[in-house]
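There are 4 protein chains.
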Amino acid sequence: MARINVKAVEKKIMETPIPAVKRVALAYSGGLDSTLAVELLRRKFNVADKNIIPINVDVGQGKEDQDKAKDNAKILKIKPVWLDARKEFTEQWLGKAIRANSNYNGYPCSTSMTRQLIARIVAQEARKRGCDAVMEGSTGKGNDQYRMHNTFMTFAPELTVLCPVRDFDLGRAEEEAICKAWGVPVDEMISGGDDKTMWCRSIASGAVDLNQELPAKIWIWLVPPEKARKRPEYVDIEFVEGLPVRLNGKELALDKLVEKLNFIAGRNGIGRIDMFEDGIMGLKSREIYEAPAAHVILKLHSDLEQACITSQEIQFKKGVDAKWAQMVYGGEWYHPLKDALDAFVASTQKVVNGKYKVKLYKGNIEIVKRELPTSLFSPEIRSIKAGGFDQRWSHDAAKVRGIRFEILAKRKQVMRKLKRGKK
Amino acid sequence: MARINVKAVEKKIMETPIPAVKRVALAYSGGLDSTLAVELLRRKFNVADKNIIPINVDVGQGKEDQDKAKDNAKILKIKPVWLDARKEFTEQWLGKAIRANSNYNGYPCSTSMTRQLIARIVAQEARKRGCDAVMEGSTGKGNDQYRMHNTFMTFAPELTVLCPVRDFDLGRAEEEAICKAWGVPVDEMISGGDDKTMWCRSIASGAVDLNQELPAKIWIWLVPPEKARKRPEYVDIEFVEGLPVRLNGKELALDKLVEKLNFIAGRNGIGRIDMFEDGIMGLKSREIYEAPAAHVILKLHSDLEQACITSQEIQFKKGVDAKWAQMVYGGEWYHPLKDALDAFVASTQKVVNGKYKVKLYKGNIEIVKRELPTSLFSPEIRSIKAGGFDQRWSHDAAKVRGIRFEILAKRKQVMRKLKRGKK
Amino acid sequence: MARINVKAVEKKIMETPIPAVKRVALAYSGGLDSTLAVELLRRKFNVADKNIIPINVDVGQGKEDQDKAKDNAKILKIKPVWLDARKEFTEQWLGKAIRANSNYNGYPCSTSMTRQLIARIVAQEARKRGCDAVMEGSTGKGNDQYRMHNTFMTFAPELTVLCPVRDFDLGRAEEEAICKAWGVPVDEMISGGDDKTMWCRSIASGAVDLNQELPAKIWIWLVPPEKARKRPEYVDIEFVEGLPVRLNGKELALDKLVEKLNFIAGRNGIGRIDMFEDGIMGLKSREIYEAPAAHVILKLHSDLEQACITSQEIQFKKGVDAKWAQMVYGGEWYHPLKDALDAFVASTQKVVNGKYKVKLYKGNIEIVKRELPTSLFSPEIRSIKAGGFDQRWSHDAAKVRGIRFEILAKRKQVMRKLKRGKK
Amino acid sequence: MARINVKAVEKKIMETPIPAVKRVALAYSGGLDSTLAVELLRRKFNVADKNIIPINVDVGQGKEDQDKAKDNAKILKIKPVWLDARKEFTEQWLGKAIRANSNYNGYPCSTSMTRQLIARIVAQEARKRGCDAVMEGSTGKGNDQYRMHNTFMTFAPELTVLCPVRDFDLGRAEEEAICKAWGVPVDEMISGGDDKTMWCRSIASGAVDLNQELPAKIWIWLVPPEKARKRPEYVDIEFVEGLPVRLNGKELALDKLVEKLNFIAGRNGIGRIDMFEDGIMGLKSREIYEAPAAHVILKLHSDLEQACITSQEIQFKKGVDAKWAQMVYGGEWYHPLKDALDAFVASTQKVVNGKYKVKLYKGNIEIVKRELPTSLFSPEIRSIKAGGFDQRWSHDAAKVRGIRFEILAKRKQVMRKLKRGKK
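Protein chains in written order, with this note's numbering: chain D, 350 to 772; chain Y, 350 to 772; chain Z, 350 to 772; chain F, 350 to 772.
Bound conformation, chain D alone (with noise of 0.2 Å):
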């Protein structure tokens, strides 16, 4: 990597036009890109301290990230507003990603949905906290600032949004360079890109290239399949109305269930994503996840889905889960069509009911038991099968259901007669 030429860089901030702003509230994770903002308030944008309003919202990233916050809140002199949103991300966020088997191309949406919630209470905030502008930390070249900007749209449109590592074309290097000239903590331990979220951790964000090997020790929950626990884990998990609330026998809220179950199912080999992903402005990236408790989760729920409902609903679903994936991904929570795309969603999930039992085992989630009273295949449903049907009835209904193809037959000789005829 080349040096970095601090002047250079100093002087390119601050030659960079700004718009002029009083009271900002900013986006505070504690990571690089937020620290580094405060110091950018202060001395690019003359924000007194008493005008910058940083907001910490706490969405499951993890205890280390938060303690990480707070210590470096405390080395930036900064007091910012901590506010927990882990109820709601869970239950008005989370559970609508599992009945939409929330699935951009393989990717189980996260940080994608993490980063317009964020930006909806940094929005809220300002407006309550009589900002004038609102500041958050994405770079230009990835998909958060459209989710973020979108947001801030939805919810303060009035607001300046001010996004400085983007305006003033920062790379990552020059990052580091300027907060170690100005004193700002850098945190070597938190690598570039990655984020976390209790359903999905991504690593690296996009700066994996096309052949690096993943070194064992990326992971934080998984224990590579080879690495992995020599013995089978049975493991319970029931479902009511498309959402698991049970695991192993007891009724856990979805955070808890879904932590406990990272634990277990990333022990067990499960949780590995290396895939293409098209990002918001249609370049492609190689991305890495883990996401031990979502793979089995959405498994499940996929199974189940494919028990319970009708098959006209499955393969219309699969189009409508393919636009949620599309829209939360592309930072359009907001948008009326995902509303939409949410109640039809809703209104199919009742009948998904059901408990399994399945076996983890280095990889592989292998159902070995599934209870399905509610499903279009339990015994009860089935004996009005086995009473009522006759094969016999099949003689006409496939001779019905057969009369297209015998018109299509009969077109086929009058369209060689008229070619001959016109020989």
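Derived by calculation from the structure, the hints in this document are not laboratory data.
For clarity, every value in this text was computed on a predicted model and none was experimentally measured.
Below 35 Å or equal to it, Euclidean Cα-Cα: the simulated DSBU-like pairs (lysine-lysine) are:
#1 D:768 / F:706
#2 Y:699 / D:768
#3 F:605 / Z:576
#4 D:761 / F:748
#5 D:426 / D:566
Mind docking chains Y, Z and F on chain D? Use the hints.
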């Protein structure tokens, strides 16, 4: 199981009214249904032996099945027409299935294809050989009757279709009993409803109950993960225009490649499917399949598409692929919509090229290396990105993209105002 | 038309085997099929008069039809149960149809709805009144048999379904002949297959040949454009949440509004439909309908949606609306997928408000004025645009949006190079 | 309108930083934007006259526009390259549009196509002639900038794109003022934003306010219904493989046929469009178009498809056609997904053949005769139906189709029972 009263079954058969036929082409696999069919043509339909034309179509069901077909032909004293359609099946059918990511809710369409291929050949032979009817052995509970009927109507709409097991309402046990009474060979080994193609083996076709455990001995390719090899096995596969053409460095015809890969992937615990399936008549069944090669090939094809085709193609192709699978499963291979879907798919595959190294280990397929010269993520392509993209462009791009949300926010205010106005 | 041999028809009826039934609820419209049905219950099914429960459901077919039903009841000496479902039809069914732009390839679903509503009421009455069977008069060639059967299965799956015209294989002329012979009233005026609801009148149901001209006298509301009023007529219509609530300034219940508008739009030449329709069995028929009010309302509703809901909703809702129409046409009103589609649609309609002035003139519907306070195009909303948007933003926005094409161009170069390399 | 301060506009232009370019190919239509562009190249970009390469592409905009382009060239003292793309436009573009029922929420894509065709030709000429930049005259508020930019990136990604009206932030009045000051011809007749192709004429591009009435004089082809001919006019049109090939018995190339039909249909009051359109940037505008021939051709093509292609194709093609229109409107003609959609569409059109007689009368298009030898409804085809179909088949077909509803009914009972159990 209740004892079968052979006399009663004979009576049922003899009393059922039938259409008059003179010369009948019969889809002959050598299994129970088709051997019984031969004898029914003799005893019930009064067709002379010279007018019974059994047609055996080899679609890759394997030596064991074909040997049995030959043995039974001798016992029945018939001389089937033996036709080899393996090349057509691989080149004209399987290739299309791979490119369309052939997946009917988790099932890689296979028997659904071969039945239609067989029906087409039988219909064409029937016309060529002056028959006035075609016969096939489907039951009235399954999907195959529709698949074959549609295809018969497409290629020989003027012929009478005979489907005796269904139309005489025979159960499996009744079939066996009547065969024994009539001296027709009954092979205990070929269990009810199994069907094997090179691409996917269907086990016990829908007769598996909800919580029946799957004994290890039911698999022919698969070694369950716990008993699979202890060391990972590495495999190289190369795709050209969406199709695998090379295995471990050796160019292979698709059927040979699939055959080898079934063996290799199977011994590494890959290929088990346990799912709910929506049959053509709308009934759900639990289905068990094994398809080791299909698992590997479809996973890689899909990964390759995500790297090589555009985001918009990926999203739209989801719907095309889902429809493709629905139609092929539903017995509509020869429907013009299916042709149009094929045309769409073919148009996307020219750029789907790449080499993979995958690690197979106890049920896991891990991609360890990709060479993707024509992907949209290749280093050659990305150089353009590095060279040209300036993150500051995103400032205005985010603003333009966010205008929609600004307008929606404004509308919310208007609606609130109107509401207040009404009060 | 060939002369009908009444004796032969009677013989055919008497020889057809039937299920034993004791007490039968009958969908009674007073038309040919249902009056014949009453007599068949007496003569063929041997049901005593006290066990024949004719149910007449008023869904807005109009006074003429209902009077005829009463007259024929007297002649037949039956006392039907008279039930008024007009309110339910308008509020629960028609409203949903309007919001979903109800359009099955050009046909505004109507009879497809009423048949299912009637079948539900008949099934419920049958259970309440201790019947063991339901009877209805559909033929075996059309769509209604499926619509009614599905609904019977939904609300009274345990009852036997009798469908005599179909199951005795009676043609129209045979029905008339046997009615005359048996003293059942045959009303020449009610022509074969016509069906009228307040929303759309179906004319001669599929019996129109390809090049048959449409005589002017077939219409009841419509005055063909050439003969329509010479001066334009202006109409004001107001929509609230996707539904028309006010006509020419007067608040009206939906059925009254539709009734008035049929009259006004009809005399201005609006409402003729001449189209090919894909029946449930996959056969095409040429269908003639008249639906003046539906034309005006659906055109305005669609215009209003384009003004009030987002582009993304409009695009996705196309697919939802198309599926809605397919399902309702196909007799699947009570299918859970249909409910989920309704939930989607309902979620989009809160903002669909506006007032229209339209000019009706000889078949043309011209919008001359729109007041759209909650549209995304209202002056209130656009002020934001004028205020904030700077066309220079588009410079970078276009660049970012165009990157995808730059990458595709680069790939083309790579592919060309690879090709050359191979040679 | 406020008086324009020419000095201020000149200052704005002169102070805006620009990229250095040497030789520039310019899309030259002869309208205000492109004539101003020539002068900007001279005065602001300092490009010598020999390095200004104006390219005029004839896509059927008509003699009047082309004459004006020539006159203005003389005044400007430039010698444009005159290229005729009418044949390509008709054969390669318009044909595809017709087959795809080209309809973007009511608008028959036209300018959206020609801009991309022009941009491709300009890009190719630019490379051939050694330019380092391309220039075009779009504003920053509309769709054309994206259409042209995408195409430039596709065919000449290495060239600089100049878009001066947008990048100097010039309003219409400013453009006129500066032109007058600089001696650039300003033609008052060509009103702001009009764009004419043979297929559809766009009027005042989005500048129409919500309740602005449309004066009769804005139309060039259309005579409003009230003033249109008093007698109906009959027209014969024949389609082969989805395209109109014969008008009133005479074989015509597509451009000639469209030209004639615009005249005929226009004088009968056909072709007015007044709609809300979702622009590429997500803003809605009210748009006025006239497209008489397009109305007739698209209506007949759609009727013909309903007669000739299967129900399943019709349903799926709706989604394909909608996506096609979205992409073409959105400037993605050269996107690989668009190619794949074309492949789908082409595959469906072989059978789309037929002759129509239509009555045109004061805005109405009434089909009075259809000859459809290869439709699925031709008498030849229907003979099969009459011959073979027995309505009694439907008895069992309805039962089989209804099983799904029986199972759903059963499930409802189970759910009710479970609910009661819980209480």
